[in-house]
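So the protein sequences, as listed, match chains A and B. Residues 1 to 120 in our numbering are what the first sequence lists, from first letter to last. Residues 1001 to 1498 in our numbering are what the second sequence lists, from first letter to last.
Heads up, some of the hints might be wrong.
What follows is a set of in silico ranges between Cβ atoms, one per label pair, in the way DEER data are often shown [unchecked claim]: (1) Lys1333/B - Leu75/A: 41 to 49 angstroms; (2) Pro107/A - Ile1190/B: 29 to 37 angstroms; (3) Asp1406/B - Lys53/A: 44 to 52 angstroms; (4) Asp1406/B - Asp17/A: 24 to 32 angstroms; (5) Val71/A - Asp1078/B: 28 to 36 angstroms; (6) Ala1081/B - Asn89/A: 50 to 58 angstroms; (7) Asp1317/B - Ile65/A: 15 to 23 angstroms; (8) Glu1212/B - Ser100/A: 32 to 40 angstroms.
Calculated pairs, DMTMM-like style, for lysine to aspartate or glutamate (alpha carbon to alpha carbon, straight line, at most 20 angstroms) [said to hold, decoys possible]: (9) Lys97/A - Asp1278/B; (10) Lys60/A - Glu1315/B; (11) Lys1200/B - Asp1150/B; (12) Lys1041/B - Asp92/A; (13) Lys1061/B - Asp92/A; (14) Lys1467/B - Asp92/A; (15) Lys1289/B - Glu1336/B; (16) Lys97/A - Asp1150/B; (17) Lys1104/B - Asp92/A; (18) Lys1011/B - Glu64/A; (19) Lys1039/B - Asp73/A; (20) Lys1105/B - Asp73/A; (21) Lys36/A - Glu1315/B.
Simulated from the structure, these hints should not be mistaken for laboratory data. Note that beta-carbon positions come from the ideal geometry of N, C-alpha and C, so glycine has one too.
Residues per chain are reported as follows:
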Amino acid sequence: MDLKNEIKDGQIAVFLDSRIYSKAGISKCLYWYSDKFNISINIIGNHFKIELKPNMENQKLELEIILEKLVKDFLDFNLRQIVTSETQNVRDLLIAKAFSNGEFDDPPLGEISDPVGFKF
Amino acid sequence: MIDSQVKKTRKFNSFEKYNGALNESNYHLMPFRFHRLNKNKEIIVNEVGDFLIIPNGTFQKIVNRQISKISDQELYGDLIANFFISETPVHPLIDVLATRYRNKKIFLNRFTDLHIFVISLRCEHTCHYCQVSRVTQNKDLYDMSIANIDKGIDIMFRSPNDHVTMEFQGGEALLAFDNIVYAVEKAEKIANKKNKSLTKVICTNLALITEEILIYCKEHEILISTSLDGPKHIHDSNRTKPHASSYDLTIEGINKSRDILGKDHVSALMTTTRLSLDFPIEIVDEYIKMGFNGIFLRNISPYGFALRGNKSKYETDHFINFYKTALEYIIQKNLEGLNFVEDLARIFLIKILTPFNIGYVDLQSPSGLINGVIVFNYDGAVYATDESRMLAEQKDFTFKLGTLDDSYEDLFFGEKAQEIAQIWANESLNGCSECAFQQYCGADPVHNLATQGDMYGFRPTSDFCQKNMEIIRYLIDRMDSDPKVKEIFENWVSNFNG
């Protein structure tokens, strides 16, 4: 099967490698297109097949420009999702510390000492 | 022995001691978000609103671990210092970041400050964009009763905030001035007893202001807030008063109020209508002419009479163009030496450029409703915000929390409040959760319901989202492209300390 992005019969079809693009990233990206398009997502082998069909007949949409933007947006949202996934635990820790009363605070780093060397 | 110890500790250590092992690109990501600023640049923003503007493609390199500690030393240093990356799985200064995050959300700790008392629904104006269903007769039916004033004041002083604001609105608040006097004097006694600071504000069109009222306001340090929509032809077109010019009365009232109260105790707000959109410069000039230090360029709220008829419907794009034209004019005036502020920009800039947040309820997350403001209506109903009272005038009571007969706990922490709390943080909303401008923006479930039919909202068609994203992007882009504009914007926020 030819997995090339295309515009056919007034509809956009995009193929994304599921080993590179995450479902969450794709969904978050498509959210921003769901006002103007009816969207379907299917899996064909190792690829997501995403189809966007304008949801109103008289819409004047330049599908070539939209396809170009959509491909860039998929990349952007995929990167965002990588950051979100990798930093989830740190973010949870940050917010827990922010809303705690100090019970999650670590003691200061390093040794506490008198650096000048005076002794009392 | 002491000498050798002193020598040892005063030795300057090498750069490598502090720089750790100079390993290439083995850093860890910290939480942050990304947006395309313009054709050539991107912006990344961390959890407390610190931002970096970087060339296109840099975000991808950061995520793919392609930033080198050696060859990209300056960028690498900026990323570490601003908590975008860390050399350890958990940044060593995470407690500092957590403190800063706590500071950004400190308004939650303080809780409700603004208490709006709708002292009367009566009004002698007929402003076409009025968000209130005005009535002109029947004082007993449409003025707040003494019993309800007492209950409202009691609830107000239950707030844990050390400072509370009592704001009288209408209709036209001065039509019930006797009740304002009663409320002010009662509240002042309680504020003294409870050692809380109390700010009092009357929102009025100034048509009914007298010297006697102003002397009273001076004695009790009451601030006056009025409406000035622009030059006469705009103001009078928006705000119709039978047999008189609302503009003339407003200007006369502003001058009279300033003579007695002082300039700093009188403020004005404008409301943008379709007519206004064609006159951004003239509206700014009117505020400059009247000696105000700034102007708040607000768009029309989608509530009340404002929604009825074409006079007040317009596209968000049109407003954004109006806003940018007015802002550029204001910037030009600042460059010519006039210190004049645009208040909406200032609110965003405080969030962007300072470690603080500002108590503007429409741009907070969690939302400012209940947390920052509460409304006591003339009939004893309690609403989450001013706008939700206006929705109620259209028979939508979604944000009615109860009545003044309910307990404080039921109103502020009851079932209705809990329902709203599920969707009042933009950190958890579709579209907002990934947005780079999340920390600069807020959540407005009332606006979502009024414009889109549900509290959660739908960001792709949200005018709140479209407007805020573009204004924030524009402010940051202007600062980045012109150091003089950056200096002006920094001046606007320099005296804000939380």
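Status of each hint after checking the structure:
no.: 1; hint: Lys1333/B - Leu75/A: 41 to 49 angstroms; verdict: 42 angstroms, holds
no.: 2; hint: Pro107/A - Ile1190/B: 29 to 37 angstroms; verdict: 44 angstroms, violated
no.: 3; hint: Asp1406/B - Lys53/A: 44 to 52 angstroms; verdict: 50 angstroms, holds
no.: 4; hint: Asp1406/B - Asp17/A: 24 to 32 angstroms; verdict: 57 angstroms, violated
no.: 5; hint: Val71/A - Asp1078/B: 28 to 36 angstroms; verdict: 30 angstroms, holds
no.: 6; hint: Ala1081/B - Asn89/A: 50 to 58 angstroms; verdict: 22 angstroms, violated
no.: 7; hint: Asp1317/B - Ile65/A: 15 to 23 angstroms; verdict: 18 angstroms, holds
no.: 8; hint: Glu1212/B - Ser100/A: 32 to 40 angstroms; verdict: 54 angstroms, violated
no.: 9; hint: Lys97/A - Asp1278/B; verdict: 49 angstroms, violated
no.: 10; hint: Lys60/A - Glu1315/B; verdict: 18 angstroms, holds
no.: 11; hint: Lys1200/B - Asp1150/B; verdict: 16 angstroms, holds
no.: 12; hint: Lys1041/B - Asp92/A; verdict: 30 angstroms, violated
no.: 13; hint: Lys1061/B - Asp92/A; verdict: 25 angstroms, violated
no.: 14; hint: Lys1467/B - Asp92/A; verdict: 30 angstroms, violated
no.: 15; hint: Lys1289/B - Glu1336/B; verdict: 16 angstroms, holds
no.: 16; hint: Lys97/A - Asp1150/B; verdict: 40 angstroms, violated
no.: 17; hint: Lys1104/B - Asp92/A; verdict: 16 angstroms, holds
no.: 18; hint: Lys1011/B - Glu64/A; verdict: 65 angstroms, violated
no.: 19; hint: Lys1039/B - Asp73/A; verdict: 14 angstroms, holds
no.: 20; hint: Lys1105/B - Asp73/A; verdict: 31 angstroms, violated
no.: 21; hint: Lys36/A - Glu1315/B; verdict: 18 angstroms, holds
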